[in-house]
Amino acid sequence: MILSLTSRVLVLGMMWLGLSLLKWDGAMSPLFWQALIFTAIVLVGSLMEQLFHYQGDPYILPVVQAIMALGLVFVVRVNPGVALHQFWWANIGLLMFYTVLWAIRDYRSFGRFRYIWGLLAVGLLLVTLVFGSEEGGATSSLKFWGFGFQPEEFVKLALLLFMATYLVENEELLRIGTVQWGRFSLPDWRTLGPFMIMVAFVLGLLAAQKSLGTALVFYLLFVLMLYVVTERALYLGISIPIFLLTGTVGYMLFRHVRVRVSVWLDPWQDPTGMGYQIAQSLFAIGGGNILGTGLGNGIGASTVPVAISDFIFSVIAEELGFAGAMAVLVLFLIVVMRAFVVSIRAKDRFGQILAAGIGILLGTETLIILAGVTKLFPLTGLPLPWVSYGGSSLIVHFILLGVLLNISNATATSSHSTKNKGREYAT
Amino acid sequence: MRGIRQVALGIAFSFFVLSLGLVYWQVVKADTLLKHPANRRMILMENRVTRGGIFDRNGEVIAKTQLINGKKVRVYTKGEMYEPALGYSTVKLGASGLEGSLADWLLGLKRPTPTQSVQQLFALPREGDDVVLTLDSRLQSLAFNALKGKMGAVVAIDPRNGEVLALASQPSFEPNNLDQNWNEIRSREKDRPLEPRYSSLYPPGSTMKVVTSAALLRSGVNTTDLYECQGSTIINGQVIREQNDKAHGWVNYNMALAESCNTYFATFGVQAGNEKFLAAVKGFGFGQMVPFELNVPRSSITKAEKIPTTLNTNLLAASTFGQGEVLVTPFQMALITAGIANQGVIMTPHLVERVLDPSQNVIFKQKPQPWLTALSKAEADKITSAMVTAVTDGTAAPGALPNVQVAGKTGSAEPGGDVPTHAWYIAFAPAENPRIAIAVMVENGGTGGGAAAPIARQIIQEALTRK
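So the sequences go chain by chain: A and B.
One point on numbering: in the working numbering, the residue at position 5 of the first sequence is 5, and numbering is uninterrupted.
One point on numbering: in the working numbering, the residue at position 403 of the second sequence is 403, and numbering is uninterrupted.
FYI, nobody ran anything at the bench for these hints, they're computed from the structure.
It is possible that some hints are incorrect.
What the hints assert, rightly or not - Below, in silico cross-link-like pairs of lysine-lysine (DSSO-like), each with a Cα-Cα straight-line distance of 27 Å or less:
| hint | chain 1 | residue 1 | chain 2 | residue 2 |
| --- | --- | --- | --- | --- |
| 1 | B | Lys365 | B | Lys64 |
| 2 | B | Lys78 | A | Lys375 |
| 3 | B | Lys78 | B | Lys377 |
| 4 | B | Lys306 | B | Lys64 |
| 5 | B | Lys92 | B | Lys72 |
| 6 | A | Lys375 | B | Lys367 |
What the hints assert, rightly or not - One side only, chain B facing chain A, incomplete, derived with CB under 7 Å:
| hint | residue |
| --- | --- |
| 7 | Met1 |
| 8 | Val7 |
| 9 | Leu9 |
| 10 | Phe15 |
| 11 | Ser19 |
| 12 | Gly21 |
| 13 | Gln26 |
| 14 | Val28 |
| 15 | Leu33 |
| 16 | Lys35 |
| 17 | Asn39 |
| 18 | Arg41 |
| 19 | Met42 |
| 20 | Leu44 |
| 21 | Ala431 |
What the hints assert, rightly or not - Here are a few chain B residues that sit away from chain A, every Cβ distance over 10 Å (derived from the structure):
| hint | residue |
| --- | --- |
| 22 | Thr32 |
| 23 | Gln343 |
| 24 | Asp418 |
Glycine included, every Cβ here is placed at the ideal spot set by N, Cα and C.
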């Protein structure tokens, strides 16, 4: 009780300190009220947890709220003009998180929809490809009443549910295999077919939209979830040549892939042209040194393109320095690792797989965009969960968090009610 | 559960690799990135500082930063009068001149006040320090206007403390709206307005004779002994000519300097020998970097070496009256004059009188410091008396002033080729208690007495009536 409240007060205190250090440029009053509402939701939510006897993982939510608070401060820092939207989405997202956490009695009911999730995912991507508008080189945005809407974020949710349902159903067949092929025994076409078709559709559609980052995240999600469930190195082994092959084909076929790679290999060749983004990102990060320039003092917010979404980490790394950037990494690592802990503790296979999937999704998203802005990997546009500006991403990640903590809470309550029976884990 | 643990381990390891990436960029490569030409960090950071103002010794504004339509604009209230010494500072072109060399004061980086260092630490908008110069706008404007239409420089120094009172160069350029005019200014190759002529190298001509005098006096030449000038002489097979081949007849040291007799200085200079001559020029600061806020090239005796270890007789003979390969900056010539005026001691020249922090507390005040001892007091007195003769009875007569005794020396230096001579004039006044030392140089201006001395005369008059 005390710990949970203190952590929230700390997180909120940091947010208010950050906001008060920044210049708000006239947008002050509405932002102030939204920040106040955010504060209220966080505090009331924390009390509700006591009231409803929340027994799930105690670390994940405060850590995510810390990430969220940091994100809000930096969105205000980069562009106070649009920060109001981000506060809306954060507040709505938090409310949705609590709704998912408390309103869903049994997360296993998600499993009933089976392939509906898969169809929903493919459908969403198709609609985007046909009706979507192009933004930053990728066709990944739908416009509704003036609001940009990123279907691929919602696809993450649908796909996770599909994967979990599918893997639970076919676990044994995937694990053992029914068809002998040389030394390896592979699952038959009836088992693997629907999965392969889904993978091909999703990745193909994302490639057509030029959403390379999301495609990569999904590919890793498919492969790692398959591995987590089956524990067969074979699937990992197959995935690498497939990745290299598609990568090479993509490199030869598409100019924008070639540009990404050549800029990644040498952004200094043309730091004012193609390499501009990554060069400016590195100038910003490098300028941060150990302790950073201080909040609001960096140049990255004005020099780095799309500093508010894909490159927000560059601004954080500049203004909070290596120390702050490491803190952000550690916060994300905590969330991912605790998600795996939730997965390991879950009583049923569906919950385990779903929680592991959420952990893998968060981990890969964070890694790919952060490796992109630090030039460890070719840059692919992705929002940093809870930090980057964007409503779709925020809301989807809060729903995912709700599902994760719902699983965690259900695990804990069931083991309390049936003290000695719950010792044997599922599988 | 093995699979999930392995995936967790893999992700944790990837995060570790990512943190190594951060170490690489933020610690290992930070300086390299900062120096990358495409990195605008330094320029953007400087934008946050309001440059301090620059004032003349009477408190008149020379440069200040003003907010015009919400934008910071550097305004040079005196226009081209102080250029190119003052320089400029723009985001596009960077900074030069005093704006460049005094940047650490003007940006509040040198000896920051506690407020400034906190603001600097957090890179907050802050104000730089104000710099008060030793320059005097009245003398500067006189010098600048007198040189108008000519190419040349005026340097005026207070010999007692090294304060630079005027530092003018013509042609000059308009420092306001420089970004727009830059290409036009740069393309003027003939009159080169960006070149600070007070620190350009020229042959000094006969003004060099005051330096040669030191060698002569130290070699034991009796200043009252007479020498017969026949209009030309031959030393070591080399013909030494007088200007216009004029024979000065029987002259002593004072008369030789006053009449600017080349053969006298060549004959006795060679007699004194290259060692004494080179020691004398070294004593006057040839071959040395001038400790000064602006960069002044080293004056030199030969092309090969600033100060050679030996000098052959022919080159020595030509050097004694400022020809041969001798090259001097007008600034150096002013320092030499100031040294003679200050009983042989050259004070360290400086342009910054004091520095004020944003709340107008004095945080730095220049103290006079000797730089070189060029002459003994006796030697300085002898040269002064000869220079006074030059003004009263010699070639420097156009520099004379009523009621004030002026010590001066003209020079008409042959730059080589069939072009008019560079007109030189050095002087200080009042001769018995000097308050101003001055060097004037007009490129291809003709004779020193005709083209340079009248300019110096005006400035000296103004400077002396001030107090």
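Margin query: Going through the numbered hints above, which ones does this structure break? Give me the numbers in ascending order.
Written below: 2, 3, 4, 6, 9, 14, 16, 19, 21 and 22
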